[in-house]
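Here's the letter readout for the chains.
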Amino acid sequence: MSEERQVRTLHLAGALGMTIFSLGPILYMALTAASRRPDFLSHAAGFEFTVAHFDSVLRTASLHFPEYLRNSIVVSGASAALCVSIASPAAYAVTRLSLPGRVFFLLSVLAVSMFPPVSMVGYLFQVMGKLGWINTYQALVLPYTAWILPLSLWILTSYFAQVPADLDRAALIDGCSRLTILRKVIFPVAAPGIFSTALLAFIIAFNELLFAMMLSTDHAARTVPVGIALFEGLHGEIPWGVVMAASILTTIPVILLTLVFQRRIIQGLTRGAVKG
Amino acid sequence: MGALSGNLSPRGPAVAEELTRGEFARGYAFLLPLAVFVAVFIIVPVIGTFAGSLMQDVTFLPKRFAGAENYRAMLSDPGFWQALRFTCLFTLVSVPLELFLGLLFALLLARPSPARGLLRACVLIPWAIPAAVSGRLFQLIYNYHYGLANYLMGTFGLTDLPVSWLGTPAGAFVSLVAADAWKTTPFVAIILLAGLAGISQDLYLQAEIDRAGFVCRFTRVTLPLLSPVLVVALLFRTIDALRVFDLVFVLTGGGPGGSTTSLSLYGYNYFLGGDFGYGSAVSVVLFLIAFGLSVLYVRVGKFGRELA
Amino acid sequence: MRLSFSEVSKTFLSFRGPVRAVHGVDLAVEEGELFVLLGPSGCGKSTVLNLAAGLVKPTSGEIRFGERVVASRDRKVFVPPKERNVAMVFQSYALYPHLTVFENIAFPLRVGGEEKGEIQRAVSQAGRTLGIGDILHARPAELSGGQRQRVAIARAIVRKPALFLLDEPLSNLDAGLRASTRGELKRLQRELGITTLYVTHDQTEAMTLGDRIALLRDGRVVQEGSPEDLYGRPGTPFVASFIGQVPMNLVNASVLEEGGDLYLRLGEARLLLPSGPAARVRIINSTEILFGIRPEHIGVARGIAGSPVAGTVTALENLGREVLLQVRVDGLPLSVLTNDKSIREGEAVALDIPLEAAHFYEKGVG
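Residue numbers (the working numbering), protein chains in the order written: chain A, 1 to 276; chain B, 1 to 308; chain C, 1 to 366.
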C-alpha cells in the first residue's frame with residue numbers, strides 16, 4: 001500500500017476511533033436512561049425500552065428537575081448577557097484607546113482566571129449568608145459573571161482587534177461618540193464574535209458546580225448540575241435509570257447547541273487561547 | 001494569548017496617541033465595570049480567604065485570630081498530604097495523557113474531509129456537557145456490577161472477575177483519569193487544532209519535496225512549530241487539573257477512604273463542615289500553587305517571545 | 001473655508017521611542033481650493049490629513065479653520081472631529097459593512113439627528129451626483145471597488161462639509177478607472193466648491209488634480225506651489241526628480257570660467273551658458289554642480305554631425321506615443337523622451353540640450 005493510502009486508512013480508523021471514544025459513553029447514557037434495568041448489558045433479560053425514567057424525572061415533584069432546569073437557564077443566560085455587556089466596552093477600550101497599562105490589565109485579568117474557585121467560595125458563602133442572598137439568583141449570577149469575564153474579555157479583544165480601525169475613524173468624523181461607535185459599528189460588525197462569546201459563557205455557567213452547590217440550598221435557585229450531583233436514591237442505591245434520564249435531558253440542549261454552533265464555539269475557544 | 005502575541009491595535013500604526021483628560025476618563029470608564037466586578041467578586045473573596053485562613057472560624061465556636069495555627073495543623077494533617085499527593089499525581093498523569101490524545105485528535109481533525117464539521121461537533125460534545133453529568137456517567141461505567149467498563153473487560157476476556165474500580169484507590173484513580181481525559185481532550189484538541197492551522201502548508205510541501213516521510217515531517221515541521229501552542233495547552237490544563245473539583249466530587253466523592261480527594265474537595269469538605277478557617281487555609285495553599293504556575297507561565301511566555 | 005497650519009509638528013510615541021511624523025509645517029489652503037499633499041510613503045502627508053480631521057492632536061503649532069482655532073496645544077484648544085464639520089474619504093473607503101449603501105450615506109445625517117424627509121432627499125441627491133442611485137439598497141460587499149469609492153465620496157459630501165479630506169482615494173482602483181475617476185473628482189470638487197485637502201504619492205494625480213501642491217519629505221514641506229511651479233522651478237534635486245512622468249536627468253557636471261563667460265562641462269562636451277542659466281549657476285558658487293534636464297526637453301537626432309553632445313543609445317522603451325531612450329554620453333547616462341520612432345538601439349545620436357530649460361543644483365544638498 002502506498003504511503004498515501006496507508007495514511008488515509010489510518011486516518012479513517014482514527015476518525016472512527018475518535019467518534020466512538022467521544023460518543024460511545026453518551027450512547028451508553030442514553031441506553032441506560034431508556035432501559036428498564038440498568039444492568040441490561042449483563043442481565044439475561046437484556047434491554048427493555050421504557051420512558052418511565054424520563055417521566056419520573058419530569059413529573060416527580062420532589063426531584064424538582066424542571067425547576068433546576070429553569071434556574072440553570074435563567075442564571076446562565078443572565079450571566080452570559082451580563083458578561084458580554086461588561087466585557088465589550090472593556091475590549092473596545094483595550095483595542096482602540098491607547099490607554100497606558102492596558103497590557104498589564106489584560107495580563108492581570110488572565111492571571112485572575114487561573115484562581116481556583118475553592119479559594120473564593122468560602123468567603124463568598126459567608127458574605128452572601130450575611131446579605132441573606134444564599135439561594136437566590138444573584139448569588140450565582142454575580143460570581144459567575146465575574147468568573148467568566150476574563151475569558152470573555154480575551155475572546156472579545158481578539159474579535160474586536162479584527163475590526164478595521166478606519167471604521168472607527170470614519171464614525172468619529174461622521175459625528176459619533178465612542179459609545180455610539182461601540183453600539184452602532186462594532187457590535188453589528190463583530191456580532192458573530194459576540195455571539196460566540198455569549199455562547200461559551202452560557203455553556204461555562206451552565207456546567208458550573210462548586211459555586212452552585214455552596215451558594216444554593218434548594219430548588220429556588222439550585223441548578224441542574226447540582227441536582228445531578230446530589231441525586232439520592234430512596235434506599236441509598238442510586239436509581240441509574242432516572243439519573244441517566246435526567247442527564248440526557250440536561251445534555252440534549254447542550255448537544256444541540258454544540259452541533260449547530262460547532263464552528264462558533266471552536267472559534268471562540270481558539271481565540272481565547274491562541275493567536276486568532 | 002491571542003491579542004498579546006499580535007498587535008492590539010486593529011490595523012493601525014503601532015504608535016500611541018496621547019488622549020485628552022476627558023478621553024482618558026472615558027477610556028477607563030469603559031474598563032471600570034469589568035475591573036469592579038472582578039475586584040468585588042474575585043479579588044476580595046480571595047483576600048478574604050487569605051484573611052480567613054488566619055482565623056479560627058468554626059461554626060458554633062467563637063471566632064478568633066489564630067495566626068498560623070491552621071497552617072501548622074495542616075502540616076501534621078495526613079488528610080492534607082494525601083490530598084496534595086493525589087492532586088499532584090492526578091495532574092502529572094492526566095495532563096500528558098490529554099496532551100497526547102489531544103494532539104492525536106487534532107491531527108485527525110485537521111485533515112480536510114466532508115464530515116469535518118460533524119466530526120468536530122461530535123468530539124466537542126464531551127467538553128460541552130456538565131462535569132457533574134460526566135461524573136455520574138463514568139460512575140455508572142465503572143460500576144462494579146453492571147458498568148460498561150467491567151462488561152467490556154469481561155467480553156474481551158481481559159479479566160475473569162469484575163474489577164472493583166471505585167472500591168480501590170488505584171481503580172478510583174484510573175477511573176478519574178479516564179473520565180477527565182474523556183471530558184477535556186476535546187479542549188486540548190481544539191487548541192492544538194488552531195495551532196496546526198497556523199502552520200503553513202507550504203512547509204509540508206517543501207518537506208515532501210525534500211523527501212521527508214510522514215513521521216519525519218511530523219517531528220521536524222509539526223512539532224517544533226506547534227510547541228508554543230503546546231505550552232499554552234500545557235499550562236491551561238495543568239492549572240485546571242490542579243483545581244479539579246466537579247469530577248472528583250461526583251465520581252468518587254473523594255473515596256475510597258479519601259484516597260481520591262483533590263485539594264479543592266478537601267477544602268470544600270471543611271467549608272461544608274463549618275470550619276471556614278481551616279478550609280480557607282487549604283484553599284490558600286492551592287491558590288499559591290496555581291498562582292505560582294501562572295506567573296511561571298507569563299515568564300516563560302515573555303522569554304519565549306524574546307527568543308522568537 | 002480657509003484651512004491653515006502654523007508651525008505644526010506631530011511627534012508620536014511608539015514602543016521604539018518618539019517618532020517625528022510632521023515637522024514645523026506651514027500651509028494655507030484657500031477657500032474652494034483643491035490642495036494636494038504629495039510625497040513618498042512615510043513623509044507625513046497622511047498625518048497632516050489626520051491633523052486636519054482631528055483624529056490626531058498636534059504636538060505644537062496651531063491649526064485654524066478660517067478664524068477659528070481648532071487645535072493648539074499652547075492655547076489648550078482641541079476641537080474633536082465631530083465638531084469640525086469635516087468629511088473624509090479613506091484609502092480603504094471604510095464603508096460600514098453591515099449597512100446598505102443608502103444607510104452608509106445617511107449615517108452622518110442620522111447621527112446628526114436630521115429628520116427622515118431631509119435624509120431621504122440629501123441621500124438621493126448625493127446618490128444622483130455620484131451616479132450610484134441604482135445601488136442604494138446593496139451592501140458594500142456586493143459592490144466593485146469603483147462603486148465603493150463612490151459611496152465613500154457620497155457619504156462625505158452628503159453633509160456639505162466645510163473641509164473635504166481625501167486619503168489616496170484612487171490608489172485601490174485599477175489603472176484605467178483611476179484616470180477617469182480623476183477627472184470626475186476634479187469636476188465634482190469644482191462644482192461643490194468645498195475646500196479640499198488631497199493626499200497622494202502619485203505625482204501624476206497631484207499635477208492633474210491640484211490647484212496647488214505641497215511636496216513633503218520626512219515630515220517637512222520641501223516645496224509648495226502650483227503644478228507649474230513644481231514642474232518648471234523645482235527648488236531641490238528631490239523635487240526635480242519626484243515631479244515629472246519620467247524622472248528628470250540629474251547628472252554631475254562642472255562649471256568653467258573662461259574669458260568672462262561661463263561654460264558647462266558635461267562629459268567631454270563644453271557648452272556656453274547664456275545669461276539666464278549663467279546667472280543661476282553663479283548663485284551656486286561652486287565648480288562641481290548637479291545638472292538637471294528633463295527627458296522631454298532634450299532633442300535627439302540620428303548621427304553626430306556637428307553637435308557637441310553625442311552618445312550611443314544603450315536601451316529603448318516604447319511607451320506608445322513616445323519612446324524613452326537611454327543614451328550614454330561620455331559615460332554619463334541620460335534619459336530622452338522622443339517621438340522619433342526610427343531610432344534603434346546601439347545607434348549613435350546627437351542630443352540638443354536647451355540650457356534655458358535646465359536646472360542647476362548644489363551637489364550633495366537635498
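Hints were generated in silico from the structure; no laboratory data involved.
The beta carbon of each residue, even a glycine, is placed where N, CA and C say it ideally should be.
Do not take every clue at face value.
Label-pair ranges, simulated between beta-carbon atoms [to be verified]: (1) C:Leu177 x B:Val295: 49 to 59 Å; (2) C:Gly299 x B:Leu203: 49 to 59 Å; (3) A:Tyr137 x B:His145: 56 to 66 Å; (4) A:Asn135 x C:Glu142: 48 to 58 Å; (5) B:Ile43 x A:Ala220: 24 to 34 Å; (6) C:Gly24 x A:Pro188: 41 to 51 Å; (7) B:Gly257 x A:Tyr137: 18 to 28 Å; (8) B:Val295 x C:Arg139: 41 to 51 Å; (9) A:Val7 x B:Ala29: 48 to 58 Å.
Straight-line alpha carbon distances no greater than 27 Å define the calculated BS3-like cross-link-like pairs of lysine-lysine that follow [unchecked claim]: (10) C:Lys116 x C:Lys76; (11) C:Lys82 x A:Lys184; (12) C:Lys160 x C:Lys82; (13) C:Lys341 x C:Lys363; (14) C:Lys116 x C:Lys82; (15) A:Lys184 x B:Lys63; (16) C:Lys57 x C:Lys116; (17) C:Lys82 x C:Lys57; (18) C:Lys82 x C:Lys186; (19) C:Lys160 x C:Lys57; (20) A:Lys184 x C:Lys76; (21) A:Lys184 x C:Lys57; (22) A:Lys184 x C:Lys186.
Results for each hint:
1. C:Leu177 x B:Val295: 49 to 59 Å: Holds, since leucine 177 (chain C) and valine 295 (chain B) (Cβ atoms, about 56 Å apart) stay within the stated range.
2. C:Gly299 x B:Leu203: 49 to 59 Å: Holds, at about 58 Å.
3. A:Tyr137 x B:His145: 56 to 66 Å: violated (40 Å)
4. A:Asn135 x C:Glu142: 48 to 58 Å: holds (54 Å)
5. B:Ile43 x A:Ala220: 24 to 34 Å: Distance hint for isoleucine 43 (chain B), alanine 220 (chain A) holds at roughly 29 Å.
6. C:Gly24 x A:Pro188: 41 to 51 Å: With a Cβ separation near 42 Å, glycine 24 (chain C) and proline 188 (chain A) satisfy 41 to 51 Å, so the hint holds.
7. B:Gly257 x A:Tyr137: 18 to 28 Å: violated (38 Å)
8. B:Val295 x C:Arg139: 41 to 51 Å: holds (48 Å)
9. A:Val7 x B:Ala29: 48 to 58 Å: Given a distance of about 56 Å, which is inside 48 to 58 Å, the answer is holds.
10. C:Lys116 x C:Lys76: Violated, at roughly 38 Å.
11. C:Lys82 x A:Lys184: holds (16 Å)
12. C:Lys160 x C:Lys82: holds (14 Å)
13. C:Lys341 x C:Lys363: violated (35 Å)
14. C:Lys116 x C:Lys82: holds (21 Å)
15. A:Lys184 x B:Lys63: Answer violated: lysine 184 (chain A) to lysine 63 (chain B) is near 54 Å, above 27 Å.
16. C:Lys57 x C:Lys116: With a Cα-Cα distance of about 35 Å, the restraint between lysine 57 (chain C) and lysine 116 (chain C) is violated, given a limit of 27 Å.
17. C:Lys82 x C:Lys57: holds (14 Å)
18. C:Lys82 x C:Lys186: holds (26 Å)
19. C:Lys160 x C:Lys57: With Cα atoms ~24 Å apart, lysine 160 (chain C) and lysine 57 (chain C) stay inside 27 Å; holds.
20. A:Lys184 x C:Lys76: Violated: lysine 184 (chain A) and lysine 76 (chain C) sit about 31 Å apart, past 27 Å.
21. A:Lys184 x C:Lys57: holds (25 Å)
22. A:Lys184 x C:Lys186: violated (33 Å)
In this structure, the earlier hints numbered 3, 7, 10, 13, 15, 16, 20 and 22 are contradicted, and the remaining ones agree with it.
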